[in-house]
Amino acid sequence: MHWKKGDLLKVTGLYLLIIPFLNALNATGYVSSQIQGHFGASSVEFMYMNLIPVFATIAGLPLALELSRKFRLKSMMLCITIAAIILNSCSAYTPGIFLFTLCRSLLSFCTIFGIVAALIPIVMIYNPKLNMAIMYGIVQFLIQGSSNVYKFLGAQFSNLYDWRTSLLLLNINFLLCILLTFLFLRKDVALGKEPFKFDFKGWILLILFFLPILFLSAEGQNREWFNDSKVSLAFAIILAVTGAYLFYASKAEAPIINLKVYRYRNVAVGSLFFFLIGLVNGTGSVIMGYMAGLLGFDDLYIARTHLYILAGIIFSIPICTYMMYRRVYLNIAAIFGFLAFTIYHLLMYFRFYPGIGEADFVLPFVIKGIGIGFLYLLSALYISENVPKQFSTSRMMSGIISRIVLATILGGAVLSTAISNTTTLHKTGISQQLTIGNTIASEKHKNTKNYYLSQGLEPAAADKMADNPLQSEMKTPATLLAYKDIYLAMAVISFLPIIILLFSRIGRRPLQSIQVEPLPM
228 MHWKKGDLLK VTGLYLLIIP FLNALNATGY VSSQIQGHFG ASSVEFMYMN LIPVFATIAG
288 LPLALELSRK FRLKSMMLCI TIAAIILNSC SAYTPGIFLF TLCRSLLSFC TIFGIVAALI
348 PIVMIYNPKL NMAIMYGIVQ FLIQGSSNVY KFLGAQFSNL YDWRTSLLLL NINFLLCILL
408 TFLFLRKDVA LGKEPFKFDF KGWILLILFF LPILFLSAEG QNREWFNDSK VSLAFAIILA
468 VTGAYLFYAS KAEAPIINLK VYRYRNVAVG SLFFFLIGLV NGTGSVIMGY MAGLLGFDDL
528 YIARTHLYIL AGIIFSIPIC TYMMYRRVYL NIAAIFGFLA FTIYHLLMYF RFYPGIGEAD
588 FVLPFVIKGI GIGFLYLLSA LYISENVPKQ FSTSRMMSGI ISRIVLATIL GGAVLSTAIS
648 NTTTLHKTGI SQQLTIGNTI ASEKHKNTKN YYLSQGLEPA AADKMADNPL QSEMKTPATL
708 LAYKDIYLAM AVISFLPIII LLFSRIGRRP LQSIQVEPLP M
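Under this note's numbering, the first residue of the sequence shown carries the number 228, and numbering increases by one thereafter.
Errors might be hidden in some of the hints.
Unchecked claim - Here are the simulated SDA-like cross-link-like pairs (lysine to any residue), alpha carbons at most 20 Å apart as the crow flies: (1) K702 - L521; (2) K301 - L402; (3) K424 - K616.
Hint data in this document are derived by calculation from the structure and do not stem from the laboratory.
Given the structure is predicted, the values throughout are model-derived calculations rather than measurements.
Please construct the entire structure, taking both the sequences and the accompanying hints into account.
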């Protein structure tokens, strides 16, 4: 490989230029409770505040990619950076939930243009000088590594005053992006020469597909799922829109998700691979609830503890990149990744008890970072193999919908319901031990009841009040048992792909060719 003079410095600068745009929503990752308290949002409103910007990014991705080809790169980067600063500042001082969510959604949509404007010159420099595995490895390293760093720094900045100072961190980064743009984006040219063409009909159907999933993710648990008619209606809409899109895509010339892309086995299997990765990595919300709700960790403590995941990422992504570059079989890297997640879930299974500290999370989080490094890089490479340029958006959206929309977001809502139901079952089981033979519980109930009787309550009311402390004490062990059940089940799910890979021929080959496009997003 022969680099021109200054190419390495230019590529480094362009990579740095991407980082703030990748993390526009991550700076407030650990201070969401402060934002919820500031706006006085209910739990459902809080879910919408968090989910709408994510769905705006995913839904806007195909349109933004197509539009970005028509703008001059340097001008686009400067305009988008200024727009990002304005929207980020507005979101910090909006008076209500609606405007806050709107600003955050527009900000997340704008960041796509910034990422593309920096990635396109990187791709042009890399090809054909450098193996695509290395470029994908670096991009995944930036995505996964920087997200942990920005969440940590966001928590640190919010501790200076409040959650608004974590947004100030982003503005400082965006201002640096303007400087980096003048230094490393010298040519102000547009790459797309063909007339603008976009599948707006397919895009509208895609948005209609996302809307009921957004509703289910935000309100499904509160509405007790199929016990509510609106939940059943939402599922019916999903099925109807899916059927309509399949019919439309089979007739359209260039749909957003072209069904022909699934003729490539790696795209079909890769989408399932993306879904599995989203499932095994989707239990992070359990740990967040455990730390904040049961262990009493504050934002800073949670942020510092989660930083150990970065150590695993720093270790695993370079190794996986080297393995792919040296044409090691794909199934070996996949086995390493799923084995890491299996060990992580088993280690955490034995850590759900009161009173543990930061040191108890170090080893599980490092191993989780190793799993993320192997699986996220491998999945991005695998689903991109031998896919022609005209199907680049199709394979990308297939992977994103599988991992983020279905596994992480909708799967997260189902996981919350499973935890709630399992906690109730364990609470019922524990309550059966509160009999007359349980002298400690019986004595406590008697003393509490006598206290309320002395306060003038009727015997029935005093008996009910005496039950409350016992019910409250049962909640913590019941929740811990539910967490243990979930993590044991996830350990089994994480291990199943290993068995499949060992006894099948899936992935028993090295990485194949990858086109300049699709971009490694």
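- Among the hints numbered above, which are violated by the structure, and what are their numbers in rising order? Violated hints: none at all, because every hint is consistent with the structure.
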